[in-house]
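Engineer: Those protein sequences? They're chains A and B, same order as listed. Numbering-wise (the working numbering), the first sequence opens with residue 882 and increments by one. Numbering-wise (the working numbering), the second sequence opens with residue 882 and increments by one.
Don't read these hints as lab results, they were simulated from the structure. Hints may be right or wrong, so weigh each one.
All copies of an identical chain are treated as equivalent in the list; a pair is satisfied when it fits inside any one copy or across any two copies.
Derived EDC-like pairs (lysine to aspartate or glutamate); straight-line CA-CA distance at most 20 Å [as the list claims (entries may be wrong)]:
| # | residue 1 | residue 2 |
| --- | --- | --- |
| 1 | Lys1430 | Asp1123 |
| 2 | Lys1362 | Glu1405 |
| 3 | Lys1070 | Asp1326 |
| 4 | Lys1430 | Asp1072 |
| 5 | Lys1228 | Glu1115 |
| 6 | Lys1125 | Asp1440 |
| 7 | Lys1125 | Glu1435 |
| 8 | Lys1228 | Glu900 |
| 9 | Lys973 | Glu1322 |
| 10 | Lys1343 | Asp932 |
2 protein chains.
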Amino acid sequence: MPTNSLPSDLEIARAAQLEPIEDIAAAAGIDAARLEHYGRHVAKVDLAAVDDLADRPDARYVVVTALTPTPLGEGKTTTAVGLAQGLAQLGKRSMLALRQPSMGPTFGVKGGAAGAGYSQVVPMETLNLHLTGDFHAITAAHDLLSAMIDNHLHHGNELGINPWSISWRRVVDINDRALRNVIVGLGAKLDGVPRQTGFDITAASEVGVILALATDLADLRARLGRIVVGYTFEGRPVTAEDLKAAGAMAVIMREAIKPNLMQTIEHTPVLIHAGPFGNIATGNSSVIADRVGIKASDYLLTEAGFGADMGAERFFNVKCRVSGLRPDAAVLVTTVRALKTHSGRHKVVAGKPLPPEMLQDNPEDVRAGAANLTKHIEIVRSFGVAPVVAINVFPTDHPDELETVREIAEAAGARVAMSTHVADGGQGAVDLARVLVEACEDETDFAFTYADDDSLEEKLRKVATQVYGAEGIELSAQARKDLAHFEELGFGQLPVVIAKTHLSISHDPTLRGAPTGWRLPVREVRLAAGAGYVYAICGEMRTMPGLGKHPAAERIDLDEDGQIVGLF
Amino acid sequence: MPTNSLPSDLEIARAAQLEPIEDIAAAAGIDAARLEHYGRHVAKVDLAAVDDLADRPDARYVVVTALTPTPLGEGKTTTAVGLAQGLAQLGKRSMLALRQPSMGPTFGVKGGAAGAGYSQVVPMETLNLHLTGDFHAITAAHDLLSAMIDNHLHHGNELGINPWSISWRRVVDINDRALRNVIVGLGAKLDGVPRQTGFDITAASEVGVILALATDLADLRARLGRIVVGYTFEGRPVTAEDLKAAGAMAVIMREAIKPNLMQTIEHTPVLIHAGPFGNIATGNSSVIADRVGIKASDYLLTEAGFGADMGAERFFNVKCRVSGLRPDAAVLVTTVRALKTHSGRHKVVAGKPLPPEMLQDNPEDVRAGAANLTKHIEIVRSFGVAPVVAINVFPTDHPDELETVREIAEAAGARVAMSTHVADGGQGAVDLARVLVEACEDETDFAFTYADDDSLEEKLRKVATQVYGAEGIELSAQARKDLAHFEELGFGQLPVVIAKTHLSISHDPTLRGAPTGWRLPVREVRLAAGAGYVYAICGEMRTMPGLGKHPAAERIDLDEDGQIVGLF
């Protein structure tokens, strides 16, 4: 059943018969009074729904992660969608929590982030464009703070902010390379104080991470107030609260805090909420969506960005620390092509088809990449959580290659199942769903990698060594200074995020498999005091993508019937 | 019944019992299937509603305008809301079309733009914040084009765009003075081509005017394509179509094209749609909202920005030209305080209370300002439309002052009525409603100020002399060059917008009453080819407001119950 004979994702999505969103909610036990409709097939869910359902037992809580992906991605979202549908096929009430895709990149190179084939979230146009405006709210709240900073400088700088210390930039949800580095405040005296700054894409905004980590509206308000935008000339941190901006920012975010209910092609409920970057930020969907989902289902699948070393590590060490929720299992999405790539014998380039030799039947290549999968299984286990390896079957995979993946997973002691959800929808994920149900009955013995009391440096070291398998960390002079500074300011209790490439378990994208004998070099460390973590920069982190010479936007249009063409 | 003993606008709005928006729609004959809900009390109306109602007779179509306002505003929106409610009190099916307020200024000095007292649009928080995201869509579509321009330069500038000719800036819906003049494209080679540009506030975006003037989605798409962003080195105009950006922009605007249905405090239906600036742009709500409203009511009131010389002139000469719709009457909102100001004996400053001597009983001051009202009555008549003077009664007005206004209006041959809608809601506007109903039965003899075939210069001259009462126009050398250029490029058939102060019928804000013996100086002329007009710059036009030393944002917050405080 080769997927290349399937109708296109768009054709499948358009042919889908959507159910009224209130019916989807009702099936999940969410009262219609808790819904705020946004168009026909999306509703925001009021957080009071959690209280309504307080007497219900918590769902089994499953994080969906992956091995180290190729630049093409390994179908993690797609597998999560398929698996949720597969659980439904088994008669389980499943629900899915996904990040909201960023609109900007839709007009760059990226297609939609809504799954694929018969495992999609619909309507895909809504999901990939404005949705309910949460990203716009993040942009507006973020940029209001930016305006208030520059306005404060303009009106005499009473707080004594050192303009060269300001780390709060502006954001826009558009791939706009020309905005990476700008000088603002040119013109006459009334046009502000000139200084150099820049724009990031909205997904890189700390406001977006705050949305993802806030436990309720009051917590969101408090976190916004704690944002540190820079320092005074005396070195004291200047917060959004000091600038009296946090209240207005919270007002702008008042609706955005409610998760967005959608459905899969098979009518499984999906909560879409927040979409912080997977490199410098947490790369996980929201705590609030998980809190709703855990009460409104029996199995809640929540997706973490990139591999288990990236999104899942932050899911365990940062998101679970904030939410107090504990996972019952972790699904590790795996593909034949990723393992072949980890053999080091092939090169996969984003936006290009796989090299033809990779499509040949070659279980030996698969075996040569085994170390990566084995390492990710170990990473999941290091948190005391049961790993379930999901083999996302592609039509070009060969049976003995797929069997080889199964053998590798079993040899590492993990549960494993193949899944053909792209071609077959939920029915193709029933085996995987069965294995997951079984894994959720295991005893878990959840453990963080580090304690709150560990020093920031110790936290970084523990993640590098115990999660990544590095031999240690190398702090630059700047990083050492940053860490001392943040400890001194009282931020030493915060968890850490390590901003590194997602294409290797190490900091070096060319190191395949499970690299050993390396140390993690930390160039600098930054503070996200509102979101509540410090993040270590280990490599080039791009926070504002550019457009290619012929971006997708050139092909996107409306047809004569007003239907969107070229978006996917 | 002094309004200063009324509860606050916020208290009144919060106490209002809103009806389900589907009931509001149903009463207007709009089928529930044509609604897309956005939260509990707002719905977008699909344009197919116009076809559903094709067999219904067109409503009486009434533009609501004003005399030359003081910097405090004369309650035009409030009167429009009250009058719509007053018509309902008479048993007429009335509807209101208003511009969407811009969110940015809400955090500056401005309170909400939702009416006042018992004549408000609700819920006011929704109206003044994101509403359904149309402004965010305008921002995104506008800035995608900006990114594609800079990206085109970066990737080799195949079209040969002269970077110094680029007039397309970026927009953001925030008062951010530091963005007025910026240099973008700094950094390394991959970070774009350095050049100076700037940001305007979203309400100044041509995309927003296109939304306001488009007759349907196909027309919106075509207008976006016609946007001229600059010129090639050879002087050829470069359009959004040339940059292949217009299709993607239309996709971003696909939902924004549907007007937003809300209600007044007395459940009169209100269509909120588009909000282009009243200075450089048309300052009128959308053609599409009017097209819906004209089929879904018996009396459609549509508001035009500032005085009859500003928004109403553009309503008649630009909006009616595009829409093909013709008004049956014009309501001229008038206040005692405005006429006193036009006496030249008082000075009113924005954000400050009226000087105490203005509150004394002084019909002579009112009479001394009569020329302004008389002139606005003449302006309305110059279009062949019957004027109805609406005296917006303030609690501080004295009876003989109010009578004096009535005498002035009657002496000029206009119908006139007083209205106490702020204190009394629709009941306070019943007299005004009766007079309007009567006026709508007059024969109209609608006429534009100029013909399509008149040269651009001739169009400017006719508006200046026949509408404003100037003796002629003075073109700067630059303006002369601009006009010749646009004629040569084939834009000579377009209508014109004159960008001037709204505080005088002339270009000089210090000239009160009905200035005579002056000529309109035109500094330069710009092209809005997508919106479909050229606009003449006659004075300083601010397109990006700043924040004050203590902007409203500092006082805006959420209370313990998550309710907004400080917004109004």
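Engineer: Each hint should be assessed against the structure and marked as holding or not.
Structural biologist: Now the hints, each set against the structure:
Taking the shortest Cα distances, Lys1430 and Asp1123 sit within 20 Å of each other only across copies (14 Å), while inside one copy they are farther apart (43 Å). Proximity of Lys1362 to Glu1405 under the C-alpha cut-off of 20 Å is restricted to the intra-copy arrangement: shortest distance 9 Å within a copy versus 55 Å between copies. For the homomeric pair Lys1070 and Asp1326, neither the shortest alpha-carbon distance inside one copy (62 Å) nor that between copies (51 Å) is at most 20 Å. In the homo-oligomer, the alpha carbons of Lys1430 and Asp1072 lie at most 20 Å apart only across protomers (14 Å), although the nearest pairing inside one protomer, at 34 Å, exceeds that limit.
Taking CA atoms no more than 20 Å apart as the test, Lys1228 paired with Glu1115 passes in neither setting, with 51 Å inside one copy and 45 Å between copies. Taking CA atoms no more than 20 Å apart as the test, Lys1125 paired with Asp1440 passes between copies only; the shortest distance there is 15 Å, against 47 Å inside one copy. In this assembly of identical chains, the alpha carbons of Lys1125 and Glu1435 lie at most 20 Å apart only when taken from different copies (5 Å versus 42 Å within one copy). In this assembly of identical chains, Lys1228 and Glu900 lie within 20 Å of each other by CA distance neither inside one copy nor across copies; the values are 43 Å within and 61 Å between.
In this assembly of identical chains, Lys973 and Glu1322 lie within 20 Å of each other by CA distance solely inside one copy; the values are 14 Å within and 66 Å between copies. Taking the closest pair of Cα atoms, Lys1343 and Asp932 never come within 20 Å of each other, the shortest separation being 37 Å inside a single copy and 66 Å across copies.
Of the hints listed earlier, those the structure fails to meet are numbers 3, 5, 8, 10, in rising order.
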